[in-house]
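Using the sequences and the accompanying hints, generate a full structural model.
These protein sequences, in sequence, are chains L and S.
Under the numbering used here, the residues of the first sequence are numbered 1 to 500, in order.
Under the numbering used here, the residues of the second sequence are numbered 1001 to 1175, in order.
Be a bit skeptical, because a hint or two may be false.
Residues of chain L clear of chain S, computed beta-carbon distances all greater than 12 Å [claimed, not checked]: (1) Val5; (2) Ala7; (3) Leu131; (4) Pro236; (5) Leu241; (6) Thr244; (7) Lys296; (8) Pro347; (9) Val369; (10) Val373; (11) Ala480.
Result set (DSBU-like, lysine-lysine): computed pairs, CA atoms no more than 30 Å apart in a straight line [what the hints assert, rightly or not]: (12) S:Lys1088 to L:Lys228; (13) L:Lys228 to L:Lys103; (14) L:Lys353 to L:Lys55; (15) S:Lys1160 to L:Lys55; (16) L:Lys249 to L:Lys296; (17) L:Lys285 to L:Lys249.
These are computed hints drawn from the structure, not numbers from a lab.
Ideal placement from N, C-alpha and C gives every residue a C-beta, glycine not left out.
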Amino acid sequence: MLDSVLALAQGFSVALEPTKLLFALIGVFLGTAVGVLPGIGPALTVALLLPVTFKLDPTGSLIMFAGIYYGGMYGGSTTSILINTPGESSSMITALEGNKMAKAGRGGPALATAAIGSFVAGLIATIGLALFAPWLVEIAIQFGPADYFALMILAFVTVSATFGDSPLRGLTSLFIGLMLGLVGLDALSGQARLTFGVPELLDGIEVTTLAVGLFAVGEALYVASRLKHAPETIEPVRGSLWMTKEDWKRSWKPWLRGTALGFPIGSLPAGGAEIPTFLSYTIEKRLTKHPEEFGKGAIEGVAGPEAANNASAAGTLMPLLTLGLPTSATAAILLAGFQQYGLNPGPLLFAEKPDLVWGLIASLFIANVMLVVLNLPLIGLWVRLLAIPQPWLYAGILVFAAMGTIAANPSPVELIMLAVFGLLGFVMRRYDYPIAPMVVGLILGPMAETQLRRALQISLGDPMALVESPLAATLLAIAALALVAPLIFKGLSRFKAEED
Amino acid sequence: MERSRGTILEMFMTQQEDDRPEGRRGDPVGFVIAAGLLALAAAVAWDASGMGAVSSYAGIGPSAASWTVAAALTALALGTVVSAVRGKIPVPEPSDHAAVLTILAGIAGMIAIISFGGGFIPAMAVLFGLTARGFGRRALLTDLGIGVALGLFVYLGFTKLLALSLPQGPIEHLF
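See below:
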């Protein structure tokens, strides 16, 4: 406890250096801007910036990436409230009530409760991260290769199969990601896999190329293909930005409840912010004193899910920093950001680079304060971003996608991969395949393989070693359960439907 | 984007019906996807069969992961066939193929220009212009011009300020 406070104080002394503050400011500014722009999320922004920041100071860059992550969350809510096309699936719920509020001329209070709720949630969840991370590090330091392997298997299952629309499509996405992870020289034996004699493939497939292809190119193709069929309208912000006394009264409890849901669920390897936001919405709908307003613009339905969304973003950083385990697409890209500087998140990083880790955590507090200060007064600027004509917006996104890819690896092969992944992302969107499992599979697959082979080397090839540690056995059992759980739920809901 | 309605959403918001139409039984798309997965599985298996089976240390060699992935992709292909037969492949929303092809032409043009030494700025101009056209703009010359300006701005910013190397052609050599 006291250790955490001391370490955090040390972290603040790093994060408050003027250059670090500048990085944080650039991060939250960029993050909010791209969060607002429809079509680019925080994962894509960080992926595009990775090659550009290659030569910059690691601590500063990582602080900037974290600022983008938090900023993207704030900006995303603006888009879903004002144009009803949430940039990422986690702000989908916000659009339900928020867009209705905006249509009823209450866009200002909707934006305000989203921003202040995100601030409250981000603050509490970051305190939670600072308190619990050292504790989790203590535990993680005793993990053996078999435990890590089991943990990664659990993450694979939850990210791809448990919480998606269809386990079949989630697992397909995951295994294509794992296949892409095989490409290149095997780390332990030097054997080339799936390179087919192309020298550019020996280094493996860059996570950033895959992410930029899937998110930027795939999204652009998808939006263009749908343009004639789904026009968008921007709701102007009318009336006061400020929340009335009544709004405050109806907002503060949903904020806290949303945080209480978001942080723990985000910390589990359970795949992102969707579940806590859905849960928060359902709970607020049950508890509200104004059930008649739900579906027509209830402020609780914006306040709760937005808080849950932000709290889970901080929660996701917990397994990422302490275990090196990414549980969302953005976390996978952040992990690639660490690896770009030769840093591996995990217990060792806390011991070896406390300045960096705690500076990063402290900068999250700073980013949060910057965001609440920047967000509301600058709302006019953010709304104007929405007015960029869509053709130029997406053309610009593709130019930056190509630039980032070619700057990382100046070879036409890299650009061809970008195009292929873009086409893949387009087809996946059309047929409703989730994208995050593929990105997580690419980055986590080789890590899981290394842990598995290490575990088997230690046990001289005895596969029982994988379940001898009680922790590994438990995690694998949960993973097996998580794989069949959706099938059971589906059976249950079918049963229920027949009853109705 | 209304696409990603998950099971969780269904669980907690049963009153909100999924508005996506059920798939057709025997949808050919499902068989095409399954064939693609099988082709990937075959490629991975073929690659794995060329690796030395014996590893020099205790444990498993580099081919084990390949075989696992190949087996899983095969299983997923079979699962896709089953779901196609049962009509569970989602029916995609109508698509404007001309728009998609225009943007793909822009990407292909960009790659070709860079591969043949045309340089960064013309490549970005073509990419920008054709993408904007795919999104419904009709003023191609204006957009190509904007693409040149953007490409120049990015080129100078990133090569001079951040010391990154970007592909050079006749135009870039002027700077």
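Numbers of the earlier hints that this structure fails to satisfy, in rising order: Violated hints: none; all satisfied.
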